[in-house]
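Starting from the known structure of chain A, fit chain B onto it as the hints suggest.
Protein sequence lines correspond, in order, to chains A and B. For the first sequence, the residue numbers in the UniProt record's numbering are 1 to 540. For the second sequence, the residue numbers in the UniProt record's numbering are 1 to 353.
Quick caveat, the hints were computed from the structure, so don't treat them as lab data. Just so it is clear, CB atoms sit at the ideal spot from N, CA and C, and this is done for glycine as well. Hints are supplied without guarantee of correctness; some may be wrong.
[As the list claims (entries may be wrong)] Where chain B lies over chain A, by a calculated footprint (3+ residues, C-beta under 8 Å):
#	stretch
1	160-168
2	275-284
[To be verified] Residues of chain A clear of chain B, computed beta-carbon distances all greater than 10 Å:
#	residue
3	V123
4	T190
5	N203
6	N353
7	L358
8	W371
9	Y373
10	G385
11	L407
12	P415
13	G428
14	R429
15	S430
16	H440
17	R473
[As the list claims (entries may be wrong)] When the alpha-carbon atoms are kept at most 27 Å apart in a straight line, the in silico DSS-like pairs for lysine-lysine are as follows:
#	chain 1	residue 1	chain 2	residue 2
18	B	K13	A	K241
19	B	K164	A	K423
20	B	K164	A	K252
21	A	K426	B	K16
22	B	K13	B	K313
23	B	K174	A	K142
24	A	K178	A	K197
25	B	K51	A	K197
26	A	K252	B	K159
27	B	K98	A	K138
28	A	K200	B	K162
29	B	K314	B	K292
30	B	K39	A	K426
31	B	K25	B	K314
32	A	K240	B	K313
33	A	K402	B	K19
34	A	K252	B	K16
35	A	K241	B	K163
36	A	K200	A	K218
37	A	K426	B	K159
38	A	K200	B	K51
39	B	K25	B	K164
40	A	K200	B	K164
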Amino acid sequence: MTVTVTSTHVMDAQAKSTHLQSGGGGEQQHGSTKSLDVAARDDEMTVLLTNKNYHFDATSDIEDAFVELNGSDKDMELDAAVAPPVSGNHQTEHPQVTWLDDDAIDALDRVTLDIGNMFFNRVDSQDIIYQQKKKNIKMVGKYVMGDVLGEGSYGKVKEAMNSENLTRLAVKILTKRKLRRIPNGEQNVTREIHLLKQLKHHNVVQLVDVMYNEEKQKMYLVMEYCIGGLQEMLDHAPEKKMPLYQAHGYFKQLVNGLEYLHSCRVIHKDIKPGNLLLTLDQTLKVSDFGVAEQLDMFAPDDTCTTGQGSPAFQPPEIANGHETFAGFKVDIWSSGVTLYNLVTGLYPFEGDNIYRLLENIGRSQWIAPDWLYELDESFAKLILGMLQADPSARLSLQQIRKDDWFLSAPVVTGPPIPIPPLKGDKYGRSTVLPYLEAYHYGNEQDQEDVYFTEHDVNQELARRAASAAAEIRATKSAAASAACHLYEPSTSAEAGAESMLNGSRDETVSVKKKGSGLKRRAKKLASCISVRKLSHCRTS
Amino acid sequence: MCSNSLTDYEFTKAFKHGKFCSVYKANCTVNNRVIVVKKYSLEVDDDAELKRLFAEIQCCRQFNHPNINKILNSFIVDSDVYVLHPYMCFGTCELLLKTTFCNGFPETLIALIFKDVLAALLYIHSNDFVHGSVRALHILLDGNKAVLSNFHESRSFIKHGKKKPVLHGISHEKHLNWAAPEVLDQNIHGYTEKSDIYSVGITACELANGIQPYFETQPTLMYTEKIRGNVPSLLDRSTYTMLLDDQGKIPFENATTRRTYDIYSQRVLSDDFHQFVEICLNRNAENRWSAKKLMTHAFFKQCRHASITDYIKKCRSELDTNSIMDDNDDDVGIIASLDGHAQECREDIEWSF
Chain A
1 MTVTVTSTHV
11 MDAQAKSTHL
21 QSGGGGEQQH
31 GSTKSLDVAA
41 RDDEMTVLLT
51 NKNYHFDATS
61 DIEDAFVELN
71 GSDKDMELDA
81 AVAPPVSGNH
91 QTEHPQVTWL
101 DDDAIDALDR
111 VTLDIGNMFF
121 NRVDSQDIIY
131 QQKKKNIKMV
141 GKYVMGDVLG
151 EGSYGKVKEA
161 MNSENLTRLA
171 VKILTKRKLR
181 RIPNGEQNVT
191 REIHLLKQLK
201 HHNVVQLVDV
211 MYNEEKQKMY
221 LVMEYCIGGL
231 QEMLDHAPEK
241 KMPLYQAHGY
251 FKQLVNGLEY
261 LHSCRVIHKD
271 IKPGNLLLTL
281 DQTLKVSDFG
291 VAEQLDMFAP
301 DDTCTTGQGS
311 PAFQPPEIAN
321 GHETFAGFKV
331 DIWSSGVTLY
341 NLVTGLYPFE
351 GDNIYRLLEN
361 IGRSQWIAPD
371 WLYELDESFA
381 KLILGMLQAD
391 PSARLSLQQI
401 RKDDWFLSAP
411 VVTGPPIPIP
421 PLKGDKYGRS
431 TVLPYLEAYH
441 YGNEQDQEDV
451 YFTEHDVNQE
461 LARRAASAAA
471 EIRATKSAAA
481 SAACHLYEPS
491 TSAEAGAESM
501 LNGSRDETVS
511 VKKKGSGLKR
521 RAKKLASCIS
531 VRKLSHCRTS
Chain B
1 MCSNSLTDYE
11 FTKAFKHGKF
21 CSVYKANCTV
31 NNRVIVVKKY
41 SLEVDDDAEL
51 KRLFAEIQCC
61 RQFNHPNINK
71 ILNSFIVDSD
81 VYVLHPYMCF
91 GTCELLLKTT
101 FCNGFPETLI
111 ALIFKDVLAA
121 LLYIHSNDFV
131 HGSVRALHIL
141 LDGNKAVLSN
151 FHESRSFIKH
161 GKKKPVLHGI
171 SHEKHLNWAA
181 PEVLDQNIHG
191 YTEKSDIYSV
201 GITACELANG
211 IQPYFETQPT
221 LMYTEKIRGN
231 VPSLLDRSTY
241 TMLLDDQGKI
251 PFENATTRRT
261 YDIYSQRVLS
271 DDFHQFVEIC
281 LNRNAENRWS
291 AKKLMTHAFF
301 KQCRHASITD
311 YIKKCRSELD
321 TNSIMDDNDD
331 DVGIIASLDG
341 HAQECREDIE
351 WSF
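Chain B extracted, bound-state conformation:
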């Protein structure tokens, strides 16, 4: 399907340049398909990153599910590892939060996304894996579905032919804000796949509010807060008052925060959504619902006559009219050139599965 030769790929755009990892958009000349190529350097001092990468590739290749980001191929040329993924035209949810939905995704879009994410989690969990870092950054969107990616942190209950009842080991520094309290606590009891459900709850807040939960909070404070059972919440008319100080004023007022607060105070998120997040963020892992049960939650009723493309397109056109978009920005460029790619993506999907 995808060859191991670099000459078969035509690199069209660089999304990210890093010391360890660079991400490119490429065109596969063999089947004329748009793909994403991640290039990792083998020449790094610390081989821990590489070990994680290899574990991720191994783990990902076991999975076959429409809502899990596929690895089309991976190979080594010179001192670089190339990993090929299908191209997802809208990029990561975090990117969309920055560019398109600065004040949060619309509720229905969130429901659409989580329906897919939970399907992926259900699949992973039933294969005795835990994703370990569910967050907006690791959810990719294309025209008609959301996929879960980045299995760096994934762990399996099965090790050396034995199934362990619980997992141990804390997530990477970068993903701590999404981690469940039992993961952070690092006690004998360990954690289970329910920790992913907690991360879903945090991600829901992230997507709805447009801000990273515990952003710029000291990790130790985040830890004690979670241990105490304090959780972030969805901000809408019913809850935004908690952001205000004692006098009912907005702290650190400026034009942007003012506008954001106005939006929070005017919008209404459904009771189902509030309840969904509450279930996910239950301090006690045993009381959190499983992915399977969550999929039956009333929150997902609104998915029936909606699709991801419609929502993003609608929002994009609003943005266009507001002409906030900066065409020079690569990331935004992805969305700007959406129409052309949406078609491509559909073809991709046919190819992928």
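Only chain A is shown next, with the shape it has when bound in the complex:
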């Protein structure tokens, strides 16, 4: 049982680390649980190692972990020593255990961030003890809170469930403290709430409820539940793209949503795959109105002055820094880039950095590459129409509706790319359920506290990496042997090493069973050191 908990932890940690890389800007971004077997190559291992290096010294790398692992007796002893309730008589050996809760860790992180990581403190991994988070039910109003789905600069997004009608929901938790750190943070949020309250459409994410907790200085935005976003789907797909017909389905819904928004005088300004979410029944929902603007009721036209969206999706008029521009056409451009990105996995404009990128966008009219015409001619024409540098020449929503490709029904080619699993659960089941079970049945076996150390965490991470690597090697060697039908001595050596590794892995499991379920919270220390190199033969 503990072992399964362990794996969730690892997923968590990976999700956090990927989040760090992506900047965590997106709204309601579900923890992208990159399962090891999907992308278990060097990338993944770098993440693990990098992650490892946030917390302790570079000397304790994976080889160390494995050496120590062999002396599992010692490990258990330590385990016992650091976990007071398990063996009370050892408590005196470690009298200075300071327990930190989430907020305290947050505070500590802020302090360390503020100092700017001027120096490092060496802390032994075995001295960092975690207590497994118990699934204690937490209610906010009539909503039962579940696991964290994603985290952004403003706060967290958690899954929730309405305890009266049992609908699944997503709750965006905003803390005043964090909002203050974002420029225009509070202003943007009030505007977003004001906007969302007016909007009601099948393809626009619905705000269900807003709650305030003055005492905790928190704000809860209860929204309808979405199982994932298009960006995540792309991230998990091979080649980061989806079949034409699937993109067509989403694009039609996007146009419906945009048409509604524009009819409400709302310009979204940040249309991108990351802000297009999907419900369980694959309904697309436009979300994140953080930078959206509502035109004045008496405004003569759609002239806007500010644009704060994501750079890659910005039209030339914003890239070139025009003082005023037509608002509706901004969304058309971004939708064009989005559609192009969904189908090809590429961006029409690229750049090494944000300045280059904006320069490229602003420089000239985009020309559809020949291969795009070969892919689908009418599709290429639509993209070209939406990516007209001149806003007045750019297609309007009405014109898009009459477009040949828009009206066509692309041939279904192969299966659609799936929605990635939620927290490792391919069914995407509610994460509130464990909390409810703990509440209603008070699961007895979990009542005792479970402790584990950073060391355990990293061993587990290393183990996961090793097993993934082993898997890859196994498939490689299998493929190699199948290809040439030759018995190669090197493979056999590898296989030998493999079995050794397996042996030691079993030991890890037995150590884990001693009482270290893992559930760790977000580590926010930035990726200041990243060790790119990973020795390929970690068993040596």
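Only chain B this time, still in chain A's reference frame:
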């Protein structure tokens, strides 16, 4: 057949007064036929209810089956929508549970009812619809048949000309206790028409035991129970002991519960019935039988020489002798005046189909 003019209808009795919906019994003066008129107000704040009503009318009008409550006509006068249904003389099963069969329906009557309900479900399912809220409240009875009504929650697999493999979307708060675990779970896999079969199982328990399953249970507990595969069961001699506490005593004892428990502990429900419910309440939707297969279940053998009228009449006469009935009560009044109406109803049916 039925005109759109209110003047052609003579309202004889009000069954229910509500802010949104009122239900009347009426006489159609054109063909002298007894009907039920449901009046919905268009002036409501939330148009979600109205949308559901319109969807229901649209959906119902596609159906033509003897065991599905027909909509004779619907029209708008002033700011009200009028929906006309044939009059079903015994009312809903839930009403009967309250008034006549406080401790549950007799097993044969349940078999008779479900035979009709399953026929209706088979028809709905073969038309790619899911009813979504099968419960005693939505089963109406008249002299010789049971009909399925209330298509508020019904959903179709076919949308925009495409057939979806599964459905998503949770039922309304009021019907959650009858919902299948996969409906409540709201996961990617969604649910299929088998969710109706689960509701049939819950309804069977409701009809047999005379109490709503999960009555006064927290919805969240009901949810976790169902997810764990725990289901309500038929209470008879073999199972009633599970109601008792550790000492074998009746919890919260009073005269009524005592009597109810006595009845449970004395009666015997057939093995076929137990098995039928077990099949319906299978946690795994794929292992639940389809409506078609369920209709062949041995449970329905007992239907052969029985009719709904006989059973209700028999019970009514027992009630009469016990003189528990309160004549002032409108609902009970329906049953009291049964004899006269039974005849009418038969005429109605001839008219309806």
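The hints, checked one at a time:
{"no.": "1", "hint": "160-168", "verdict": "holds (count 7)"}
{"no.": "2", "hint": "275-284", "verdict": "holds (count 3)"}
{"no.": "3", "hint": "V123", "verdict": "holds, 40 Å"}
{"no.": "4", "hint": "T190", "verdict": "holds, 25 Å"}
{"no.": "5", "hint": "N203", "verdict": "holds, 14 Å"}
{"no.": "6", "hint": "N353", "verdict": "holds, 38 Å"}
{"no.": "7", "hint": "L358", "verdict": "holds, 39 Å"}
{"no.": "8", "hint": "W371", "verdict": "holds, 30 Å"}
{"no.": "9", "hint": "Y373", "verdict": "holds, 29 Å"}
{"no.": "10", "hint": "G385", "verdict": "holds, 25 Å"}
{"no.": "11", "hint": "L407", "verdict": "holds, 14 Å"}
{"no.": "12", "hint": "P415", "verdict": "holds, 12 Å"}
{"no.": "13", "hint": "G428", "verdict": "violated, 4 Å"}
{"no.": "14", "hint": "R429", "verdict": "violated, 5 Å"}
{"no.": "15", "hint": "S430", "verdict": "violated, 7 Å"}
{"no.": "16", "hint": "H440", "verdict": "violated, 5 Å"}
{"no.": "17", "hint": "R473", "verdict": "holds, 33 Å"}
{"no.": "18", "hint": "B:K13 / A:K241", "verdict": "violated, 64 Å"}
{"no.": "19", "hint": "B:K164 / A:K423", "verdict": "holds, 26 Å"}
{"no.": "20", "hint": "B:K164 / A:K252", "verdict": "holds, 18 Å"}
{"no.": "21", "hint": "A:K426 / B:K16", "verdict": "violated, 47 Å"}
{"no.": "22", "hint": "B:K13 / B:K313", "verdict": "holds, 23 Å"}
{"no.": "23", "hint": "B:K174 / A:K142", "verdict": "holds, 17 Å"}
{"no.": "24", "hint": "A:K178 / A:K197", "verdict": "holds, 23 Å"}
{"no.": "25", "hint": "B:K51 / A:K197", "verdict": "holds, 21 Å"}
{"no.": "26", "hint": "A:K252 / B:K159", "verdict": "holds, 15 Å"}
{"no.": "27", "hint": "B:K98 / A:K138", "verdict": "violated, 38 Å"}
{"no.": "28", "hint": "A:K200 / B:K162", "verdict": "holds, 25 Å"}
{"no.": "29", "hint": "B:K314 / B:K292", "verdict": "violated, 31 Å"}
{"no.": "30", "hint": "B:K39 / A:K426", "verdict": "violated, 46 Å"}
{"no.": "31", "hint": "B:K25 / B:K314", "verdict": "holds, 25 Å"}
{"no.": "32", "hint": "A:K240 / B:K313", "verdict": "violated, 69 Å"}
{"no.": "33", "hint": "A:K402 / B:K19", "verdict": "violated, 45 Å"}
{"no.": "34", "hint": "A:K252 / B:K16", "verdict": "violated, 45 Å"}
{"no.": "35", "hint": "A:K241 / B:K163", "verdict": "holds, 25 Å"}
{"no.": "36", "hint": "A:K200 / A:K218", "verdict": "holds, 25 Å"}
{"no.": "37", "hint": "A:K426 / B:K159", "verdict": "holds, 25 Å"}
{"no.": "38", "hint": "A:K200 / B:K51", "verdict": "holds, 14 Å"}
{"no.": "39", "hint": "B:K25 / B:K164", "verdict": "violated, 40 Å"}
{"no.": "40", "hint": "A:K200 / B:K164", "verdict": "holds, 25 Å"}
Violated hints, in rising order: 13, 14, 15, 16, 18, 21, 27, 29, 30, 32, 33, 34, 39; the structure is consistent with all others.
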